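Here are the chains, one letter per residue:
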Amino acid sequence: MKPSAKRVEARGRELNLSVLLSITILAVCIVATVVNPRFIRITNLVNILQQISVLGIIACGVGMLLISGQIDISVGNQVSLMGIIMALIIQRGGEISPDAAHAWMIQWSIPFAVVVTFAVGTVLGALTGLVVIKSRAHSFIVTLALGSVYRGIALLISRGGSFTLYGRFETLGRTRIANFLPVSIIFLVFVVLVTLVLLKYTRYGRFLYSIGGNRKAAYVSGIKTTAVTMRAFITVGVLNALAALILISRVGTALAGTADAYSLDALAAIVVGGVAITGGKGNALSIFLGVLLIGIVGNALVVMNVNPHLRGIFIGVIIIGSVTFSGLSEQRSRM
Amino acid sequence: MVTGMALRAERIVKNYPGVQALKSVDFDLRRGEVHALVGQNGAGKSTLVEIIAGSVSYDSGDIHIGDQKHTYLDPSRSIELGIQTVHQENQLVEEITVAENIFLYDLPRTRYGFVNLRSCIQAADVLLQELGIDVEPGKKISSLSFVDKKLISIAKAFSRKARILILDEPTASLDEQGRNALFSLIRRYTSLGLSTIYISHHLSEIFEIADRVTVLKDGQRVSTKAIGETSLHTIVPEMIGRSSQSLYVRDKKGRQTLEQGSLLQIVDFHREGVVDHVSFSVRAGEVYGIAGLVGAGRTELAQLVFGVDRSDHGSLLLDGKDITAGSPFNAVDEGIGFLTEDRKDSGLVLIQPVYENITLVRFVKEIKKKVKSLLNLAKEQDDARTVVQQLDIRTPTVSQKVINLSGGNQQKVVLGKWLFADSEIIIFDEPTVGIDVGSKSEIYKLIEKLADDGKFIIIISSDNPELVSVCDTVGVMRFGRLVAELRGDQMTEEQIVKHSLGVSVIKEPEL
Ligand SMILES: Nc1ncnc2c1ncn2[C@@H]1O[C@H](COP(=O)(O)OP(=O)(O)OP(=O)(O)O)[C@@H](O)[C@H]1O
Ligand SMILES: [Mg+2]
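Chains as they are written, first to last, in this note's numbering: chain V, 1 to 335; chain S, 1 to 511.
Note that these hints are calculated values from the structure, not bench results.
If you're wondering where the values come from, they're calculated on a predicted model, not measured in any experiment.
Check before you lean on any hint, since a few could be wrong.
Interface residues of chain S toward chain V, partial, derived using beta-carbon atoms under 8 Å [claimed, not checked]:
#1 ILE121
#2 ALA123
#3 PHE329
#4 VAL332
#5 PHE338
#6 ASP345
#7 SER346
#8 LEU350
#9 GLU356
#10 LEU360
#11 VAL364
#12 LEU375
Yeah, the Cβ is synthetic: ideal placement off N, Cα and C, and Gly gets one too.
Using the sequences and the accompanying hints, generate a full structural model.
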């Protein structure tokens, strides 16, 4: 046990990290292209972006939360649960006999599902925030527990089965504008931009960093730390709802565990993107690059026809590389 | 009398990005001497001693300890070589006990290799009693007050038989008693051959305790002299590069002028066992000081008024209107500011840049005023630059992380944050701790200007001369109670000490 590190030598670390991430992304692209030129085709690149849109949206929420010093490892379970609820509503809508009297029900089941999903997202976020604040326990533990609860609820609702949308809700996940640009990419870009503005150019964003950097100093400066924390959790819930809509729309069916893996994938992307697990550090651009890197590696392995099971190993190596870099550029002044 | 060299550092160079902290500095320490190190904020004092303590690396130079030359030092090596350090910033491990912190480097073990907490606490108890420090060894560090943490750091340094003791501003926010106790400890150990490097911005202490004094300026050594061959009048210009200004004395406003201003009443604040029914009032434009020994309940009182801690009762009235704050955000909303004494714990977000720390409270206020516009980073940094200039904060840019600033410059950042937060009522808890003599008078002038603008200023300080020269009124606290209010001719250091200690009070002024 060492006394807490005193001073650190840091100079534009965020910038350096995003440069490093960009270089790495470029390198992966070059290697993949050399092995299989199809990689660099515009359709494949668009595919990659479409594939990472769900992860990117989730990561933006959790990234902001992590900057404020809290963590949520139940996001995947939240998305799965919302997917189930939404698919359930749409499926029921589709099962109604399509006579004139019921036409409106079929029509309205989709908007209804969307509204319900966002409502559930808000409630789940608020609930998580509330439990974290009231229990005064570490959010890692709280969300570990809540994730298990959400998974349980999803299993109860689905009875272990799945729901399908009968292709009735494809806009978010599959539709392409001008037959080229998937709608989900637009949502991803929008969410990333909003996150960027929020973190960099708003007072609320500044409060997130302050609370993550030194909660007590933020509190004494007059920041309503609990209210800000609550808002960060709710934001996570709402973005999870959007992610659930896009994901289920793309996949077409919902299972109880559909999205569970996103909990750790999102965390991996955020950490690769340089957000300190202790809070107070990170930015939207790097988070996006982290997500992109993970997406590209996954795709490149497939395109290069490498055993897809290697993906996990590569991602592990990338995480270690990234945090080592951050550690080196911000170590104690000796060494 | 022991003779010889305990330590010799030659041509030490240390560069940080954008800052040359030490430019080929020579320093030596004789056996059994107290060698003082003085200089402006950011001069390189802490850097030099941290290098000797092994916690900062150096770019070039030689270090001889005893008669051995060392090219590489780290904290545990330094400790093995008999060097003990009280760092400027608290470096204790917050989540374990006082006793474990004191013996961190060789914890007593049980037969099975586990930490033997009981014997650890016993040993700590013995040590603390011997040093006259009144702190429970079984308590967690995080539950201690700022000053108690400082005392524990000192106790830790004395827990091992050291050959070289490094004290980096050990007396910052200690009171008379604490300082005297420390000095007698130093004298006792020095007579046994211990050598001490002593850093302080209280220059009077230097003349009381040191045998030699070295002045550093901008990373270079200006002079090393025996204490008898120098004086305040030589040291201060060597430190700050200009002649020593006469001690700051404020033009005190007459009672009559003050009586016309608005009235802030602190009414019957109480928290069982800590603050005992304290009431007093401050006029707009008045600087009201609160004196007392450490532990007299001054910081606790401020925390109750600001809403950081819950009070059993107590209210704050501004011209009769109740503005009692139940929490810091209410307090900030009511126009109250509170500079806390522990900058690392509750004053600064150390990993954030200077400018973000300076502007934080302003953004909190803008949120309350429902300002919705996006932040203008360029303007924000310009504003911060103005503050940096006004307070003469030494930093390469306003984007430097606060953690990379020297201690005194960090303190100036907290001051900047509250001086420019535009609060109506400001409570300063030990505002000038760690700030050099050159900057102090500038800060007093800024505080005076706030008062002249009709703000209510409350200053808690253990630096009695400071209170006497800056305040219109000084209230003295003892055991949680406000025991005296001193004004005019009554307001002297002597009176303050007398009331703080509670000895031979001849005529107690009515409250
Ligand atoms: N980790 C760091 N990164 C960058 N600059 C640093 C770092 N540590 C110290 N400095 C710079 O080195 C210079 C010397 O700092 P140092 O802490 O030694 O000053 P000091 O004499 O102890 O001042 P004070 O009286 O304020 O404590 C300062 O300009 C400071 O900003
Ligand atoms: Mg220092």
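Output the indices of the hints that this structure fails to meet, ascending.
Result: hints 1, 2 break, sorted rising.
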